Amino acid sequence: MSRETLIDLIYLISATTFLVALKGLGSPKHARRGNMVAASGMLLAVVATFFKYVDGHPLHHVLLILLGIFIGAIVAVPVARFVKMTAMPQLVAIFNGVGGGAAALVSITEFVHIKSTHPATYVTLEVLLGVLIGTVSFSGSAIAFAKLQELMTGRPVTYPGQQIINGVVGAAALVLIVTILVNGSTPLLWILLALAFVLGIAFVLPIGGADVPVLISLLNAFTGLAVAASGFTLGSNLLIVAGTLVGASGILLTRLMSAAMGRSLSNVLFSAFGSNITASGATDREDGRSVRSGTPEDIAVLLSYASRVVIIPGYGLAVAQGQHVLRELAEELEAKGIEVFYAIHPVAGRMPGHMNVLLAEANVPYEQLKEMDEANSELQTADVALVVGANDTVNPAALEDKTSPIYGMPIIRADLAENIIFLKRSMRPGFAGIENELLYNPKTLLVFGDAKDTLTKVVASVKAL
Amino acid sequence: MGNVLLQYATVLVLTIFVGTEIIAKVPSILHTPLMSGSNAIHGVILVGSILILGAANTNLEMVLGFLAVILGTLNVVGGFVVTDRMLEMFKAKPKTAKPKSDGVAE
Chain A
512 MSRETLIDLI
522 YLISATTFLV
532 ALKGLGSPKH
542 ARRGNMVAAS
552 GMLLAVVATF
562 FKYVDGHPLH
572 HVLLILLGIF
582 IGAIVAVPVA
592 RFVKMTAMPQ
602 LVAIFNGVGG
612 GAAALVSITE
622 FVHIKSTHPA
632 TYVTLEVLLG
642 VLIGTVSFSG
652 SAIAFAKLQE
662 LMTGRPVTYP
672 GQQIINGVVG
682 AAALVLIVTI
692 LVNGSTPLLW
702 ILLALAFVLG
712 IAFVLPIGGA
722 DVPVLISLLN
732 AFTGLAVAAS
742 GFTLGSNLLI
752 VAGTLVGASG
762 ILLTRLMSAA
772 MGRSLSNVLF
782 SAFGSNITAS
792 GATDREDGRS
802 VRSGTPEDIA
812 VLLSYASRVV
822 IIPGYGLAVA
832 QGQHVLRELA
842 EELEAKGIEV
852 FYAIHPVAGR
862 MPGHMNVLLA
872 EANVPYEQLK
882 EMDEANSELQ
892 TADVALVVGA
902 NDTVNPAALE
912 DKTSPIYGMP
922 IIRADLAENI
932 IFLKRSMRPG
942 FAGIENELLY
952 NPKTLLVFGD
962 AKDTLTKVVA
972 SVKAL
Chain B
15 MGNVLLQYAT
25 VLVLTIFVGT
35 EIIAKVPSIL
45 HTPLMSGSNA
55 IHGVILVGSI
65 LILGAANTNL
75 EMVLGFLAVI
85 LGTLNVVGGF
95 VVTDRMLEMF
105 KAKPKTAKPK
115 SDGVAE
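Chains as they are written, first to last, in this note's numbering: chain A, 512 to 976; chain B, 15 to 120.
These aren't lab readings, by the way, just hints derived from the structure by calculation.
Any given hint could be a false lead.
Which residues of chain B face chain A? A partial, calculated answer using Cβ under 8 Å [said to hold, decoys possible]:
#  : residue
1  : L20
2  : I30
3  : G33
4  : V40
5  : H45
6  : G51
7  : A69
8  : L78
9  : G93
10 : F94
Far from chain B, by Cβ distances over 10 Å, these chain A residues were calculated [stated by the list, open to error]:
#  : residue
11 : R543
12 : N694
13 : Q891
14 : D912
The following label-pair restraints were derived from C-beta to C-beta distances [what the hints assert, rightly or not]:
#  : chain 1 : residue 1 : chain 2 : residue 2 : range
15 : B       : T72       : A       : L692      : 34 to 40 Å
16 : B       : E102      : A       : V586      : 17 to 23 Å
17 : B       : A23       : A       : V586      : 32 to 38 Å
Small disclaimer: the values here were computed from a predicted structure and weren't measured.
Just so it is clear, CB atoms sit at the ideal spot from N, CA and C, and this is done for glycine as well.
Model the full structure from these sequences, guided by the hints.
And the structure:
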């Protein structure tokens with residue numbers, strides 16, 4: 512067997528391990544092993560690549576390659592290992608962005624490398640698509656990172672004529688691609704690179720904090736597609752398979768998540784959701800309306816004499832790092848014979864499935880996590896709905912108020928429970944920037960403050976009772 | 015030339031279907047690890063980065079290729095480590111009842 516055949520065979524094995532990993536994610540039991548299998552497959556592919564011949568000679572610059580890998584690894588491992596769990600979404604965003612950047616660089620370098628040989632038009636097209644998609648993913652992820660890390664406002668950033676300007680930039684990129692296809696000019700490639708960079712930023716700016724989970728998923732798909740495009744250019748089935756897998760999974764996940772919010776993908780991406788509602792909604796509601804607020808002791812009593820408690824977590828729980836105390840509270844209640852489960856909204860938090868990860872970190876058994884539909888049918892017979900740091904996902908305006916921007920989004924029906932408890936930091940509306948009627952409901956008891964502090968006091972009171 | 019392109023296109027189309035089939039079965043509780051795991055998988059761009067740096071003839075190609083290798087490594091290493099950290103939490107479940115019973119390596 513020739514050297515090249517052997518390497519291709521190893522690549523085939525690697526590609527298979529990626530499929531095995533994704534299949535393993537079908538159940539929590541096999542998921543971790545699956546990830547390990549994929550990591551080994553990846554390692555195998557990288558090692559095999561060192562023995563490959565390019566342009567008829569063994570790899571040049573091997574030391575430089577090893578140095579690059581060393582630098583990358585020495586930065587990535589500690590960052591990935593020690594960043595707080597709440598920072599997970601921005602971490603995924605940034606690792607996705609660098610992948611997109613790498614794909615764009617690979618495509619550019621390949622273009623520079625093969626330009627003198629006058630490559631076929633379709634090769635140039637693959638290169639240009641790789642550059643465009645990879646760069647958009649890179650700069651878009653950087654802005655998503657800045658939003659999540661709160662380096663900039665999480666609200667949609669809008670300016671007059673935004674859609675038109677974005678449209679012009681997008682059209683200019685397409686015109687450039689056609690021009691480069693015709694004359695193969697390298698300077699124009701740099702301009703395309705700059706345009707793609709601007710496009711990525713302009714594309715992400717008007718997307719609000721609450722929609723960032725959908726966005727990250729989409730950017731993930733973009734990077735996958737950019738990798739697949741590089742695979743075409745380099746003639747590598749491994750890159751094509753891996754990139755396409757990610758592209759397909761990202762797009763599927765993006766669609767599932769938009770559906771979970773009852774909105775179309777284009778509405779998520781282009782409507783600058785939640786930008787101007789706040790101004791009108793929040794101010795004229797502040798006066799006159801009264802809310803009922805309570806103390807942690809009040810909650811403790813309410814919970815201790817319930818027979819069924821439904822906990823509805825949201826992003827505020829992650830921010831307060833209250834998941835461990837919350838589990839402790841649930842265990843205390845269960846010890847009193849009270850039935851407790853968690854109702855998980857598909858888009859609660861800042862990533863798809865964010866709440867599941869958060870609660871898993873606190874060792875909450877996943878049998879206690881119920882998805883929205885199941886939770887809603889059980890909420891009718893619940894004595895207490897405990898809303899911890901969630902807002903928009905329980906807002907009844909989504910069902911009743913046709914003028915509300917979130918009208919049509921499926922929600923968790925906290926309003927069906929006998930009593931509703933809200934743990935909130937302030938009266939500030941949620942990330943979508945919409946007032947929540949539920950706060951003014953006579954059944955609702957509000958407790959202001961940091962969710963973790965409040966929960967700690969509640970646990971102490973429940974124990975004392 | 016055309017034949018090679020067709021062969022790649024075949025791989026592309028088949029992968030779309032296989033990928034969609036597998037991913038549609040992932041339960042929503044694992045959506046975050048799915049995103050993170052697929053994020054690690056596109057780190058395979060490192061292989062492409064190594065190939066272009068290994069073929070680099072000019073200084074420009076070397077600089078770009080070197081950057082690509084660094085970024086690709088960040089993606090692949092960071093991606094797998096983060097995913098492992100997430101999935102570790104899903105695995106830790108049975109230990110709450112009986113600590114240290116099944117000798118899970120930590």
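Okay, the hints, checked on the actual structure:
Checking L20 (chain B) against chain A: minimum C-beta separation of about 11 Å lies over 8 Å; hint violated. Restraint check, I30 (chain B) versus chain A: the minimum CB separation of about 5 Å is within 8 Å; hint holds. The closest approach between the C-beta of G33 (chain B) and any C-beta of chain A is roughly 4 Å, which is under the 8 Å cut-off, so the hint is satisfied. Restraint check, V40 (chain B) versus chain A: the minimum CB separation of about 5 Å is within 8 Å; hint holds.
For H45 (chain B), the interface hint holds, since its Cβ comes within 8 Å of a Cβ in chain A; the closest pair sits about 4 Å apart. The closest approach between the C-beta of G51 (chain B) and any C-beta of chain A is roughly 6 Å, which is under the 8 Å cut-off, so the hint is satisfied. The beta carbon of A69 (chain B) comes within 4 Å of a beta carbon in chain A, closer than 8 Å, and the hint placing it at the interface holds. For L78 (chain B), the interface hint holds, the least distance from its beta-carbon to any beta-carbon of chain A being 4 Å, beneath 8 Å.
With its C-beta approaching chain A no nearer than about 5 Å, G93 (chain B) sits inside the 8 Å limit, and its interface hint holds. Here the hint on F94 (chain B) is kept, as its CB sits about 4 Å from the closest CB of chain A, short of 8 Å. At the 10 Å boundary, the C-beta of R543 (chain A) falls inside the reach of chain B, the nearest C-beta of that chain being 4 Å off. For N694 (chain A), the non-interface assignment is confirmed: its Cβ lies about 20 Å from the closest Cβ of chain B, beyond the 10 Å cut-off.
Distance check for Q891 (chain A) against chain B: the nearest CB is about 22 Å away, which clears 10 Å, and the non-interface claim stands. Chain B leaves D912 (chain A) outside its interface by the beta-carbon criterion, the shortest separation being 27 Å against a cut-off of 10 Å. Our hint of 34 to 40 Å for T72 (chain B) and L692 (chain A) is violated, since their Cβ atoms are close to 23 Å apart. Distance hint for E102 (chain B) and V586 (chain A): a CB-CB separation of about 21 Å, consistent with the stated range 17 to 23 Å.
In this structure the hint that A23 (chain B) and V586 (chain A) lie 32 to 38 Å apart at CB holds, the actual value being about 37 Å.
The structure does not agree with the numbered hints 1, 11 and 15 stated previously, though it agrees with the rest.
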